[in-house]
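Undergrad: Under the UniProt record's numbering, think of the first position of the sequence shown as 1, with each following residue one higher.
For the record, the hints were derived by calculation from the structure and aren't laboratory data.
Glycine residues also receive a C-beta, built at the ideal position from the N, C-alpha and C atoms.
Be a bit skeptical, because a hint or two may be false.
Said to hold, decoys possible - Within a straight-line C-alpha distance of at most 20 Å, the following computed EDC-like cross-link-like pairs (lysine to aspartate or glutamate) qualify:
#: 1; residue 1: K161; residue 2: E320
#: 2; residue 1: K395; residue 2: D337
#: 3; residue 1: K356; residue 2: D84
#: 4; residue 1: K395; residue 2: E320
#: 5; residue 1: K150; residue 2: D226
#: 6; residue 1: K356; residue 2: D164
#: 7; residue 1: K289; residue 2: E304
#: 8; residue 1: K193; residue 2: D226
#: 9; residue 1: K85; residue 2: D62
#: 10; residue 1: K359; residue 2: D84
#: 11; residue 1: K161; residue 2: D62
#: 12; residue 1: K150; residue 2: D84
#: 13; residue 1: K85; residue 2: D368
#: 14; residue 1: K395; residue 2: D272
#: 15; residue 1: K289; residue 2: D272
#: 16; residue 1: K161; residue 2: E361
#: 17; residue 1: K161; residue 2: D226
#: 18; residue 1: K233; residue 2: D272
#: 19; residue 1: K90; residue 2: D189
#: 20; residue 1: K356; residue 2: E326
Said to hold, decoys possible - The calculated label-pair distances, taken between Cβ atoms and stated as ranges, are:
#: 21; residue 1: S279; residue 2: A95; range: 42 to 48 Å
#: 22; residue 1: A280; residue 2: P98; range: 26 to 32 Å
#: 23; residue 1: L365; residue 2: R154; range: 42 to 48 Å
#: 24; residue 1: P180; residue 2: S279; range: 46 to 52 Å
#: 25; residue 1: P98; residue 2: L365; range: 16 to 22 Å
#: 26; residue 1: L301; residue 2: T201; range: 35 to 41 Å
#: 27; residue 1: R154; residue 2: Q86; range: 18 to 24 Å
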Amino acid sequence: MIGRSEREICATFLLGLTLASLVWSGAAVLSSAHIFSNHKGGCGKTTILFHCAGEYAARHSDEKVLVIDSTLRGDLSELLLGGDKQASGKQAVQAVTPFVSTSRLFMLAASASAAHQEHGGARRNTISAKVGKLFGAKDGATPEVMDLAKNVVRCSEFNSKMPDNVYLCPGGSGPQTVYPRQQRIEVADALRKALESSTETWKVFVDSDGDQGFSDYTKIGHALCDRVVIPLKTNVNDFSNRCVPMLEELYNLRVEGEANSRVQLIVWNEVDVQKNAASAVSGLITPSKAAQGVIEMLNSLVAEVASTYPDLFYNAPPEERAQVSEFCGASTMCMRDFGVTGMAASEHGICFCRLKGGKLEGGRLTYDISSESLGSASTNIAELADRLNDAPWGKN
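Let's have the full structure, built from the sequences with the hints guiding it.
TA: Following this line, the structure appears as structure tokens:
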């Protein structure tokens, strides 16, 4: 009979052969994962993520874009599945969430983690193991969470205006499950392993609630994702009273080993644009003089926070005053106010990359979409989608 240590050696050898065959066959991995997060509601997280996911998918047709809606209300899910007109998005979410939802995905991930632990004989009496039994995980069975196709929906099947490579795990399915710290880590780890073991290349976006503290679902998102995008309006009080506490909470989660995400971009949202030309605060637009002054001040505050919490940021913090401008150029960007064009897009569930200029019938009014305004909004979103793949500034 083969002894325990010999079995472990054999298992390790076989695992090595499996991984080698995956690499040789060109198996894909998780390209990157971004969570859109803030402690301030109404700052544009959901709207910007909606358009960014569509734009990214259109520009990367070789990747599958997975949007995980970890919010309680599920507003992003409604946009992706049809928008506000005639409540088509809401109706689709209500029809889908009894079978596919973020809450269900997280439970299945917890089950997968528990099944893995039980199969290996480790931590049999933990909460995770009990969850595994509750959801029917059996020894030797492949956990359902590993088959992503069963736990997401292709948005274009409900909303023909979305690119075919956008997939959704919807929110808005009801009360959220409470998970203890260790289980949150295990859920995120199981999800990441499922994505990385796929033969497809996945790009992940996570939407989160704008609460004054992270919910358990938001914490799972920060454990799963490697980068953070923070949309925020140009309000100094919001930055000091909501954004800074959020950054401090994220820093503490990273110190405790629960979060993997670092802040890549702060998006100054709904900026008053004077003209479409590069400026000191944007490579794309020139804000009004007053707005530009506020943004420059906010950028300096971002640089100060980065110097205080250097490990918290994707880009290296500035080491001297002369580097502040470069750091802020890499770590912040401006997003214009979308106006009526944004309203029309949200009502119909059409991201800017698929929207066309001209007349568009809404539920209560007819939109006259200016091709110029649409082009400006689309270009601004494309800038964000492109910058998600930027290499970290100031790091070798």
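Undergrad: Now tell me if each hint is right for this structure.
TA: Checked hints:
Between K161 and E320, the direct Cα distance comes to roughly 47 Å. Violation of the 20 Å bound is thereby established for this hinted pair. With a CA separation close to 33 Å, the supplied pair K395 and D337 exceeds the 20 Å bound. Note on K356 and D84: the hinted pairing holds, with a Cα-Cα distance of about 18 Å set against a maximum of 20 Å. A C-alpha spacing of about 15 Å is found between K395 and E320, which places the hinted pair at or below 20 Å, so the restraint holds.
Straight-line distance between C-alpha atoms of K150 and D226 comes to about 25 Å, which puts the hinted pair past the 20 Å bound. Proposed proximity of K356 and D164 is supported: the alpha carbons are some 18 Å apart, at most 20 Å. Restraint check for K289 and E304: not satisfied, since their Cα atoms lie roughly 23 Å apart, outside the 20 Å limit. Annotation: proposed proximity of K193 to D226 holds, straight-line Cα distance about 14 Å (limit 20 Å).
A threshold of 20 Å between alpha carbons decides the hint, and for K85 with D62 the separation of about 31 Å lies outside it, so the pair is violated. Using a Cα cut-off of 20 Å, the hinted pair K359 and D84 holds, with the two alpha carbons roughly 18 Å apart. As the CA atoms of K161 and D62 are separated by approximately 18 Å, the hinted pair is consistent with the 20 Å bound. Of the supplied pair hints, the one linking K150 and D84 is violated, its CA atoms being roughly 26 Å apart against a limit of 20 Å.
Pair hint K85 plus D368 holds up; C-alpha atoms about 16 Å apart against a cutoff of 20 Å. Pair hint K395 plus D272 does not hold up; C-alpha atoms about 33 Å apart against a cutoff of 20 Å. Pair hint K289 plus D272 holds up; C-alpha atoms about 9 Å apart against a cutoff of 20 Å. Proximity of K161 to E361 is assessed by CA-CA distance (about 15 Å); at most 20 Å being required, the pair is judged to hold.
In summary, the hint linking K161 to D226 is not supported, as the alpha carbons are separated by about 29 Å, beyond the 20 Å threshold. This hinted pair checks out: K233 and D272 have alpha carbons roughly 11 Å apart, not beyond 20 Å. Taking the CA atoms of K90 and D189, the gap is near 31 Å; set against the 20 Å cutoff, the hint is violated. For the given pair, K356 sits about 36 Å from E326 by alpha-carbon distance, which is inconsistent with the 20 Å threshold.
Between S279 and A95 the C-beta distance comes to about 46 Å, which sits within the given range of 42 to 48 Å. Between A280 and P98 the beta carbons are some 51 Å apart, a value that contradicts the proposed interval 26 to 32 Å. The beta-carbon spacing between L365 and R154, approximately 31 Å, falls outside the hinted interval of 42 to 48 Å. For the pair P180 and S279, the supplied restraint of 46 to 52 Å holds, since their beta-carbon distance comes to about 48 Å.
For P98 paired with L365, a C-beta distance near 34 Å fails the hint of 16 to 22 Å. Range check, L301 to T201: about 37 Å between beta-carbon atoms, so the 35 to 41 Å window is met. Judged by the Cβ atoms, the range 18 to 24 Å given for R154 and Q86 holds: they are separated by roughly 21 Å.
Hint compliance for this structure: hints 1, 2, 5, 7, 9, 12, 14, 17, 19, 20, 22, 23, 25 are broken, all remaining hints hold.
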